[in-house]
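K.L.:
So the sequence lines, in the order shown, correspond to chains A and B.
Residues 1 to 86 in this note's numbering are what the first sequence lists, from first letter to last.
Residues 1 to 579 in this note's numbering are what the second sequence lists, from first letter to last.
Be a bit skeptical, because a hint or two may be false.
What the hints assert, rightly or not - Restraint-style ranges between C-beta atoms, simulated for each label pair:
| id | chain 1 | residue 1 | chain 2 | residue 2 | range |
| --- | --- | --- | --- | --- | --- |
| 1 | A | K7 | B | E413 | 36 to 42 Å |
| 2 | B | I10 | A | V3 | 53 to 59 Å |
| 3 | A | L23 | B | K239 | 56 to 62 Å |
| 4 | B | R102 | A | V3 | 30 to 36 Å |
| 5 | B | P20 | A | L23 | 28 to 34 Å |
| 6 | A | F64 | B | S96 | 21 to 27 Å |
| 7 | B | K114 | A | L23 | 24 to 30 Å |
| 8 | A | L23 | B | K252 | 44 to 50 Å |
| 9 | B | A370 | A | V3 | 45 to 51 Å |
| 10 | B | K218 | A | F64 | 41 to 47 Å |
Claimed, not checked - Each computed BS3-like pair below joins lysine-lysine, with the alpha-carbon atoms no more than 30 Å apart:
| id | chain 1 | residue 1 | chain 2 | residue 2 |
| --- | --- | --- | --- | --- |
| 11 | A | K38 | B | K323 |
| 12 | A | K30 | B | K323 |
| 13 | A | K41 | B | K99 |
| 14 | B | K99 | A | K81 |
| 15 | B | K54 | A | K11 |
| 16 | B | K99 | A | K38 |
| 17 | B | K216 | A | K30 |
| 18 | A | K11 | B | K420 |
| 19 | B | K263 | B | K216 |
| 20 | A | K81 | B | K415 |
| 21 | A | K30 | B | K140 |
| 22 | A | K81 | B | K114 |
| 23 | B | K376 | A | K81 |
| 24 | B | K246 | A | K30 |
To be verified - What the simulated footprint calls covered on chain B by chain A, stretch by stretch (three residues with Cβ under 8 Å from a Cβ of chain A suffice, anywhere in the stretch; the number is not a length):
| id | stretch |
| --- | --- |
| 25 | 83-92 |
| 26 | 116-122 |
If you are wondering where the hints come from, they were derived from the structure by calculation, not from laboratory data.
From the three backbone atoms N, C-alpha and C, an ideal C-beta is built for every residue, glycine too.
This is what each chain is made of:
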Amino acid sequence: MAVVKKKLIIKNKQGLHARPAALFVQVANKFDSSITVKKDKEVVNGKSIMGILMLGAERGSEVFLEADGEDAHLAIIELEKILGEE
Amino acid sequence: MSQQLEIKGIPVAPGVAIGPAYKIGKEEIVAPKEAIKEEEIPLQIQLFEEALIKTRKELLGLQKKISEEMGKDAAEIFDSHLLVLEDRMLIEEVISRLKKERLNVAYIFSEVLKRYVTVFSNIEDEYLKERVADINDVGKRVLKNLLGKERKSLEDLKERVIIIAHDLSPSDTAAMQKKNVAGFITDIGGKTSHTAIMAKALEIPAVVGAQEATIKVKAGDTVIIDGSVGLAIVNPDAKTLANYHKVEQKLKELSKKFMSLKKLPAQTLDGKRVDIAANIELPAEINAVKQYGGEGIGLYRTEFFYMNRKDLPSEEEHYQAYKYVAEAMKPYPVIIRTLDLGGDKFISQFEIPHDMLPFLGWRAIRFCLARPDIFKAQLKAILRASVHGSLKLMYPMISGIEELQQANKILKEAKEELHKSGEAFDKNIQVGAMIEVPSAAMTADLLAKECDFFSIGTNDLIQYSLAVDRTNEKIAYLYEPAHPGVLRMIKKVIDAAHKADIWVGTCGEMAGDPALALILLGLGLDEFSLPPFVIPEVKHAIRSVNLDEARKLAEEALKLSTGREVEEFSHKRLRELLK
């Protein structure tokens, strides 16, 4: 088991809204690891579209990703791609 | 007896429908609040899971049905519904609150749902607002299943009705069938709203954006929908009703007669064959094209991709849609028109002030040449999709040869980039110029050297050459497709094309008038691209004449001095020829 954490700034034009949010959740659900996203003090389940949308993370906001499980490394790499794409 | 009342809205699907009003209200399902004992918790969780599974099955069933009937695009909405239904946070929250608060699961579920709806409704974001509708739609389904209520289904209707609703959810429209729904009217919605798309695909006469229809119409009122003009007549007087019954009957007879032409070619009595293709906006319209006997797509409008969204469509999204259309129409050709932004088509995400994009403004090919990034993504997608069928592409609003050359240069770059990355595409894809601007018509001989075909966009050509804004009602009387100035210009374009050995078609409304279509036939037009439902009528006219008769008609029409004279003369001749 591994826990992988990553702090990053959202570069995606629309932030974690709209289609990127749906894409994020779909990708997160491919992994066995549990995934959380934290912004300010709020922590939500990364596999939940409701949770992600509730975060209201705009472009430029700082978020913490955390994956916990066998495929945690891969999960973080894939998810970072979605948030990091301009 | 109630007074006859007219309600104006936005026309989305043509045809006439008459029937009793059937109102679909904003159905509120209230879950009773009941305390439960601790030992009942597992049972409540089980009920919840069963309701989720049942709802999932329903949604998958609907998705499959819509996908088969109307294509993958139309069924996409259910992906968002499934995402909400399977949401872990939502499910976990319901279960944890159930354990803590010891209240029945239906009540807890509706409370949790309410919380999300409130939060999302308060965020200023178009996308989230759409999601609120999804959440409500899914939530209602789950609640009904939880409470063991049968959905009052449109499928159970005994007579054909006219549906009146504030708005229709994807679930509602999915349940609609031609055998029980004659037409529908909604308070809100526009030409590209989900409801409008469904109406078009199902070919149910419909009016959307009819403001206060739900307030003005009572259940059971007799309603006439005149879909082609976007008019609803409530409680019509005897005379109006009789008139519309006649129109409805006539349309039915005509459609029966025309349907027998479906498999026959568009060919004159003496064997001159032309192509009859269709104008479409959405892949979902392909069914209608085939049903009416269209032999290809002469105009596939692509602005739809850019509407109702904040981000730009990706190359992949374009590609998937073009591939679908190419495959579905195979072996017939499909002509994709590159982005024609502006004029009467606005796009939200570019944040361009509207006054920048009037009919004479920064639009269509002008916009594309200024934003080669957006343009090239679309060109690449068209090229990549070209291996899946017979695709051609055309540029809108070309005004002179430089624009055509510049567009072709970007196309060449797109080809080179694809070649480098090893992507397959049709290297000889046909490229056309739309002839909509008078200067293009007058220099058609020059343009013909730089492209493989012309498509005359009559709607714009008419408005530009007559200097008539076609969205201004005050000068609508000046918009004359049969104006001698227009006819002469079209003749010039056709002659120039044939001299240069390229083919020429039209894709405007003009050719949808069978009398004018015969004039165009006589002028030598090779391809007629029309709204799907008028194909049979035009085909019928073409099949009823000799080419020489059409030529003579065109010749004589060109000698007349006003649009009105041409209209009257050509319709009179048409009646004689069809006898």
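K.L.:
All hints are to be evaluated individually against the structure, with a verdict given for each.
P.N.:
A quick look at each hint next to the structure:
1. Separation of K7/A from E413/B is about 39 Å and conforms to the stated range, judged on CB atoms against 36 to 42 Å.
2. In this structure the supplied range 53 to 59 Å holds for I10/B paired with V3/A, their Cβ-Cβ distance being about 55 Å.
3. For L23/A and K239/B, the Cβ-Cβ distance of about 57 Å falls inside the hinted range of 56 to 62 Å, so the restraint holds.
4. The beta-carbon spacing between R102/B and V3/A, approximately 35 Å, falls within the hinted interval of 30 to 36 Å.
5. Checking the proposed 28 to 34 Å range against P20/B and L23/A shows it is violated: the Cβ atoms sit about 45 Å from each other.
6. Between F64/A and S96/B the Cβ separation comes to about 23 Å, which falls inside the hinted range of 21 to 27 Å.
7. For the hinted restraint 24 to 30 Å between K114/B and L23/A, the CB-CB distance of approximately 27 Å keeps it satisfied.
8. Between L23/A and K252/B the C-beta distance comes to about 47 Å, which sits within the given range of 44 to 50 Å.
9. For the pair A370/B and V3/A, the supplied restraint of 45 to 51 Å holds, since their beta-carbon distance comes to about 49 Å.
10. In this structure the hint that K218/B and F64/A lie 41 to 47 Å apart at CB is violated, the actual value being about 57 Å.
11. For the hint linking K38/A to K323/B, the alpha-carbon distance of about 40 Å lies beyond 30 Å, and the restraint is violated.
12. Under the criterion of a C-alpha separation no larger than 30 Å, the hint pairing K30/A with K323/B is consistent with the structure, at around 27 Å.
13. Of the supplied pair hints, the one linking K41/A and K99/B holds, its CA atoms being roughly 26 Å apart against a limit of 30 Å.
14. Between K99/B and K81/A the CA atoms are separated by roughly 38 Å; this puts the pair beyond 30 Å, and the hint is violated.
15. Proximity of K54/B to K11/A is assessed by CA-CA distance (about 39 Å); at most 30 Å being required, the pair is judged violated.
16. Of the pairs offered as hints, the one joining K99/B and K38/A holds, with about 26 Å between alpha carbons and a cut-off of 30 Å not exceeded.
17. For the hint linking K216/B to K30/A, the alpha-carbon distance of about 50 Å lies beyond 30 Å, and the restraint is violated.
18. Between the alpha carbons of K11/A and K420/B the distance comes to roughly 29 Å, so the proposed pair stays at or under 30 Å and holds.
19. Taken as a hint, the K263/B and K216/B pair is broken in the structure, with Cα atoms around 44 Å apart against an allowance of 30 Å.
20. Restraint check: the Cα-Cα separation between K81/A and K415/B comes to about 28 Å, which is no more than 30 Å; the hinted pair holds.
21. Proximity of K30/A to K140/B is assessed by CA-CA distance (about 28 Å); at most 30 Å being required, the pair is judged to hold.
22. Between K81/A and K114/B the alpha-carbon distance is near 33 Å, which puts this suggested pair outside the 30 Å criterion.
23. At roughly 24 Å between alpha-carbon atoms, K376/B and K81/A fall within 30 Å of each other, so this suggested pair holds.
24. Annotation: proposed proximity of K246/B to K30/A is violated, straight-line Cα distance about 59 Å (limit 30 Å).
25. For the stretch 83-92 of chain B, the proposed coverage by chain A is satisfied: 7 residues have a C-beta within less than 8 Å of a C-beta in that chain, meeting the threshold of three.
26. Only residues whose C-beta sits within less than 8 Å of a C-beta in chain A count toward coverage, and the stretch 116-122 of chain B has 3 of them, enough to reach three; the restraint holds.
The structure shown violates the earlier hints numbered 5, 10, 11, 14, 15, 17, 19, 22 and 24.
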